[in-house]
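J.: Chain F is fixed; fit chain P onto it per the hints.
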Amino acid sequence: MRILYVLHQFYPEFSAGTEQVTLNLARSAQRAGHHVQVLACVTDARNSSAKPDPGFPELLQTVYQGVPITLVPLEQLTPFSNIGFDSTPALIERLSGWMTRERFDACHVLHAMRMSDALVALQRCKIPYLMTLTDFFTPCFRINLINRQGALCDGPDGGERCVQNCLVAPWTPESLQARYRHAHDLLTGAVRRICPSEYVAERFRDAFPDLEFLVIPHGIDLLALTVEEAVPRKKEDAFVFGFIGSIVPQKGVDMLLRAFARVPDPQVRLRLCGGLFGDPVHIQEVRRLMEIDPRVEWLGQVPHAAVFEMLRNLDILCLPSRVPESFSLVLHEACAAGVPALVSALGAPGALVERYAFGRAIAVDDEMAWADALRNVATDRSMVSAWRDHVPLPMRVEEEGFFYDSLYRELRPG
Amino acid sequence: MLLNSLINDALLIQPKRVVRPDAWTGHIPFLSWLMATLKPGVFVELGTHTGNSYLAACQAVMENRLDTRCHAVDTWQGDEHAGQYDESVFETLVHYHEPLYHGFSKLMRMTFDEALPHFKDHSVDLLHIDGLHTYEAVRHDFETWLPKVSERGVILFHDTAVRERGFGVWQLWEELQPHYSHITFEHSNGLGVLFVGQDLGSRAAPIQELLLEWNAENGPALKGLFAYLGERVTQQHQISELRAEVTLRDRLLAENIASRLEAETGQRQAVAEKQQIVHLLEGAREELANVYSSNSWRLTRPLRGIRRLPGQLPVKRAALILRNAISRARTEIQRHGLAGFVTRLPYYLKHYRTYFALLGGGSHKILGGMFAGAVVSVPKEVRFHPELAGSTEPVDYSVSVVIPTLNAGLEFNWLLRKLKGQRGLRELEIVIVDSGSRDGTVELARSAGCTVVEIAPQEFSHSHARNLGADAARGDYLLFMVQDAYPIGEYWAYGMLRYVLDHAATNLVAASCAEYSRSDSDMMYDSMIHTHYRFLGCLDYDRIGEYHGDDHLLLRSYGQLSDVSCLIGRELFARYRYRGDYAEDLDLGVRLIKDGYRVALLASVKTVHSHNRPAYYYIKRSFVDVIFLVRMFDDFAYPHIEAPRGLLAGIVDTAAHLSDFFARYNESASGLSLHDELQATIHDWRHRFAEPPSSEVSQLGDTQLDDYIHSLSTRYLDRDKAPLTSREQRESGRFLDAFLARLEHFNGFAGEVYGAQDTMLRHALREAVRKTFAATAGAGLGYLFMDYAHATGPEKAMVDTIMAELKAGI
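In the order they appear, the protein sequences are chains F and P. For the first sequence, my numbering begins at 1 and goes up steadily by one. For the second sequence, my numbering begins at 1 and goes up steadily by one.
In short, the hints are calculated from the structure, not lab data. Every residue gets a Cβ at the ideal spot worked out from N, C-alpha and C, and that includes glycine. Please note that the accuracy of each hint is not assured.
Cβ-Cβ distance ranges computed for the label pairs, FRET-style [said to hold, decoys possible]:
| # | chain 1 | residue 1 | chain 2 | residue 2 | range |
| --- | --- | --- | --- | --- | --- |
| 1 | F | D210 | P | T392 | 21 to 27 Å |
| 2 | F | L214 | P | R426 | 24 to 30 Å |
| 3 | F | E198 | P | D9 | 43 to 49 Å |
| 4 | F | P266 | P | D9 | 16 to 22 Å |
Pulled out of the complex, with its shape left as it was, chain F reads as follows (with noise of 0.2 Å):
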């Protein structure tokens, strides 16, 4: 089969969760014999390296690990892009002659964010596309569910709630609705609906009941890290806290610092992954929080392929979000690893850890209740040995890949 995979943004500007769920997906249907591509933008065309289609020569190509990429540049879609579905007829016109060229037999949208042209030119092609619904995009303009108020959002309520929470320029109460219209149609219009937890599954279902939506959780690659486990360390060795992941006040490493502050126990560390993004003021407090600390080690960004060795090293992974995450790669990969967690009471994490009970899921941005359990967790050491017990196997890109080539037959033509 000829297969399209369309997301918002991708390698080598972007290498994020999604783009790496792509990433797999892509290399793991080549590897089952499909010819792939990726549609995606590309939001600084001047400084990227790739070049421009000979055919189409306002998108760009380019070849990442062996997968061809097609690039929209971020100039000719609508500023509306970001948050809605706005679309512009020249580009939809350019990309269904795009489409026609390149003969897909079926499309994999892994986000729509930016992609509504590429979306009416899938239509007007007439291929057939399936959804993974990798965030809240598609219901929420502003993509996590917290509403304006910084509360978790009940769904869009067929866009009421958006005008009632959310309604901020350059919204209108019209085109609020009109965006949940449109995604509703969106969704309609695709053959599955996959989410890649069954919180997100859940969330969906209560925007869109009349839809039904699958789970298949993403995969790790296990291969492409180390598989030996995590040793579990010695009484006399100092216990590790680690968080792993972009620090964003979204991701509520500020508050882990203020309740690990409160844990005078000079035997623990807290050990942070990740670089520093965002909103000055936040920055400026975790790196004032970091300074202050001397158990605490920042590391910084660090490759994708030494987050296992560094998740091996860890005694427990720490995930505050304060926004409902769809899915945790790095909670998966430390369930790999062996790891257990301490997870907000929030979204998937929250719900994986729960229903497997290997770590404790812990109220949102509480930062006392965070740290009674970081106290806990650090001085009754055979609770950490019990959870580790229950930590589940996480699925591996080959069964995603798998589940996915199985339902890629159900487009296949004729």
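T.: Chain P alone, transformed into the frame defined by chain F:
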């Protein structure tokens, strides 16, 4: 001594947030010091208003890592002294407070009396009374809350120095002083500190010393110190407020100038507008780079950029930007406060493209019902893995998984964990048959609760080991697999069994899964397995095989089972068992279908398995495969080798040509697609490789393969003794043709799958060519063995030697 106790970090607090009215700010250093010294378990503030004192207390809790629970009690509606105020005071406080202090602090929106039941008696260590300031009100607050204060408690009264507008705190303060230890500050409207706790022993030493010194010789100096520190905080706040005001005025000035320029500019053409926006954004980007290269211009320069912006835009767009910008700014200020907003200005400007685009956006350009016309293709009737199909109703059967092992390696642990997590069966037993592992495989299996059968290494054969495992198994069904395979999903074994059960009525007795490549498989393996399953008819759909005659292709196609995963009833297996030393799985399947049973190869359930072997492995593997097929199937036709030296010359010369090619091979990206480049290369080689190479040296990059080809050349070719005859040359040419034919076959797969090349693909292509050559050589040597195994003389000795060398370890 006293100074040593007093001077600490807490005293030098830098309050993060101070807003007007700032009457309290002068006491923040003392409050911070008191918090750090007293270490209250519970702090309650009655009357919080904008939160200057309360947030300072929270900040002190955090910075001094105190285990203090803080509570702010207020209706946030104002009173006759504070004046009535709107919801924005509370909302602004909440926006600032919640993200930072939510973990240990609570804003309690109620009256002071309503809050009383929320606190146990003697539970509050520090109480701050700053509500309505009439004498009656503050006395009421004191009397009703005093029982809540602990034995080491302290109460703060603000505004003890204010004697106007009906303030009566001073009066109460005068009445209380004779009854309690206390200190009084005169600055910042006055602060009375009443030490009401009777447990003097629990008082921290610095507090004791402060009380002793306050009315003694050092008293005035201490008062002066706290007043000075307080004044410093107040002044810092006022300076920062002035800065913010300057910034705001600068912005408003810029907007004013902009709007005047807009009026002069008038409406412009749409095309020109677009060009100007692009130009403007490019300019802004350059400016941003400059901003970040110069600290002193960091704040001011982007603002100048904004000042110029509207003048270059049409009026409507500029007005829209302005309107949306103000709306956005209001939102951000509500969220972060004015100071927070100002601090973040560089951050907003860094993301100016996103912001400007949104701020300048008019109505949405959404096509009406844009996605409503999606064509949903009708799903095909395909059988799915149980987890996709949602059909996981348990079955009342047990399954024994039988795995021969030898140094199963690190991944074996994953396999055991995965197997133990299988669901939908009554029981799943794991039986391993180990033939001498030294890497802890046996210990791992035992610790995982497996049944372990150990045999000596020399006792191992594929059939024997599996038969022993079957003998030790207890399950209703046996599921043979290999140590480097991996089940897909938690219902993998169930899915296989379910298929057999569903088709049991049609005499189906065994099933194997197709393989799904590992993430580290190589391009040639992927191509081979793709071809193999296409031949077997199970590339996309489940396929049931039955007997259709003795033609070897039919038997291989319909009788194929695979040891990678093969499920069969235990009792039935006991009647057949595995036999032979190679391809025992195919042999079992063929025997079953010849006896009238049916076997299945599944695409709906697959097993993760593939190899990424070195090229040398392929020469051995292909050699053994050929011999097995020729021996097993009487009608298996193979190309006969007419001239052994010619075959060897073909292998050696092709290796030499390839070595020369690899030496010049550039792995950086190519302008051609992988398929087109390989096609052109094959065409080139068809002519060029037919000529003698410049040397006979094999340097293919696989040492074992190179050594073996070199040894074939030196032992059996010996061109110096006699040049090749024309017959031998033709044989050599046939080898080249066979190699190129295999490459073309591979290129058929590559053409379907791969497109433009990058370094990774070009590296994979080099590997594929090397392995294809090795496989061709192995097959050729296999044909040679079959043709000369029964001959006499030196050729017989040669093929026997080759047989011994290439069969070893396979």
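J.: All hints are to be evaluated individually against the structure, with a verdict given for each.
T.: Structure-based check of all given hints:
no.: 1; hint: F:D210 to P:T392: 21 to 27 Å; verdict: holds, 25 Å
no.: 2; hint: F:L214 to P:R426: 24 to 30 Å; verdict: holds, 28 Å
no.: 3; hint: F:E198 to P:D9: 43 to 49 Å; verdict: holds, 48 Å
no.: 4; hint: F:P266 to P:D9: 16 to 22 Å; verdict: holds, 19 Å
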